[in-house]
Amino acid sequence: MDFLRPESWEEALAARAERPDALPIQGGTDVMVELNFDLRRPAALLDLGAVRELAGWETLPDGTVRVGAGVSYARLITGLGDRLPGLAQAARTVGSPQIRNRGTVGGNLGAASPAGDAHPPLLAAGAVYEVESAARGVRLVPAAEFYAGVKRNALGPDELIRAFRQAPAAGPQYFSKIGPRNAMVIAVCSFALALFPAERRVGTGLGSAAPTPRRAYEAEEFLAAEADWDADLDDAVAGRFAELVSAAASPIDDVRGTAEYRRHALGVLARRTLTWAWNDHRKGAGACA
Amino acid sequence: MRVTFTVNGREQVADDVWEGESLLFVLRERLGLLGAKNACEQGECGSCTVYLDGLPVCACLVAAGQAQGRRVRTVEGLAGADGLAPVQRAFAECGAVQCGFCTPGLLVQADDLITRVPEPSDAEIREALAGNLCRCTGYEKILDAVRRAAELKAARR
Ligand SMILES: Cc1cc2nc3c(=O)[nH]c(=O)nc-3n(C[C@H](O)[C@H](O)[C@H](O)COP(=O)(O)OP(=O)(O)OC[C@H]3O[C@@H](n4cnc5c(N)ncnc54)[C@H](O)[C@@H]3O)c2cc1C
Ligand code: FES
Ligand code: FES
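These protein sequence lines are chains W and R, in that order. 178 is the number of the first residue of the first sequence in our numbering; add one for each residue after it. 3 is the number of the first residue of the second sequence in our numbering; add one for each residue after it.
I should point out that these hints are in silico values taken from the structure, not numbers from a laboratory. Heads up, a few of these hints could be off.
Claimed, not checked - Okay, the calculated bits of chain R under chain W, using three or more residues with CB under 8 angstroms as the criterion:
(1) 9-22
(2) 36-48
(3) 56-62
(4) 124-137
From the three backbone atoms N, C-alpha and C, an ideal C-beta is built for every residue, glycine too.
Based on the sequences and whatever the hints tell you, model everything.
Given below as structure tokens:
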């Protein structure tokens, strides 16, 4: 096995193009499990840990935050929690402190597990992923177009994930996840929600609910059309929203839960997070008036 | 390949390292530092916790080559010139050690907590130790020990 250690983004892209048989590794919290258990034996590891460009974040001229693929969950929580609250909440539920010190959003996107916790809040917020190859340059892929199947994504064999881009929260954002304890839990199912009060719009993201993470488009459209943004949340509207989120799932039975349980729980999470977000929205609106 | 890095303040060189092996394997099998334990090799138990550039991580999930040029501190490096570290004394004092297999990882993780948060609440202790499993103690004495360690550390300041 070879161990490739680029020290710049340019070198990383060159190495990726030259060695399509090399497996990228960032925090290693997915990759090392596969190596330790002999589930994978790549010809080479392409370690991105020394690539400085991946390790930070910046604000672009239009206000969007561009976060390097190598930023750990721990740093995201402390450094970006105010601007990306939904994602920070999800990050706080990942594994344990040790896992959050190493694991990254870039790695979550690379693994593209339907249970990955970064995906629902990124979908809900309308994040865009920046991927790049030496030959074709940068591609901006909207989150909803990135997931191609169970543990498959839209990344080409010569591409690497450079960053994700997301506007700072324009309203309340929430993430909620079902599991047997408050740590070390692969989501039985999860749900993220982002309100955009100025646009009278809501974003959603479902995890562990289908072969890929996905949005609940009908639920989003329903709420945009039916909710009265200047009033408290209507019970019937919240109920219908929950039903539509539930209906957007195509879950399976597995060791963590049944499809039926997942559908039910997603409805509960949808209603719960919408209620939290709406209460914040109303409080915020009151404070401005 | 060769991996050169600092362990507990001393530069170490490990030779003939297989590119796919973990930092934990290098520490235990090549450098003879048997403090960090190998139990699950999948990040679930925390018994292999070490500091990597000042942050506690599961050594079983760090590729050996990723430690190149970096600083590692293991449980062997917790004690100083003035004797055992507060966490070590507190764990012994409070009966937080039974078989001891989980102890090295818990010590590093608890040391990090009380360094960052001088007076941790019970909720903070639980969250900090959520990735460290103990099959023996039932955790109560471990919680006692972390609270005690915070006191001992404060007294030293
Ligand atoms: C004990 C434990 C608990 C966990 N708990 C959770 C949890 O609660 N929620 C959750 O979502 N996940 C969890 N995970 C899984 C894992 O921690 C996450 O998926 C994490 O985000 C992976 O990030 P990483 O940097 O460690 O990825 P790595 O393991 O380094 O890489 C993961 C994948 O992404 C690819 N990759 C990495 N970086 C790039 C890049 N820049 N460009 C292209 N491809 C890239 C790699 O080739 C690999 O296929 C857990 C893992 C463990 C071991
Ligand atoms: S051996 Fe590393 S976490 Fe269990
Ligand atoms: S003392 Fe035995 S595992 Fe913790």
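Status of each hint after checking the structure:
1. Remark: the stretch 9-22 of chain R is confirmed as covered by chain W, as 3 of its residues place a Cβ nearer than 8 angstroms to a Cβ of that chain, reaching the required three.
2. Residues of the stretch 36-48 of chain R lying with their CB closer than 8 angstroms to a CB of chain W number 5, which satisfies the three-residue condition for coverage.
3. For the stretch 56-62 of chain R, the proposed coverage by chain W is satisfied: 5 residues have a C-beta within less than 8 angstroms of a C-beta in that chain, meeting the threshold of three.
4. Taking a C-beta to C-beta cut-off of 8 angstroms, the stretch 124-137 of chain R contributes 5 residues in contact with chain W, enough for the three needed, and the coverage statement holds.
Hint compliance for this structure: no hint is broken.
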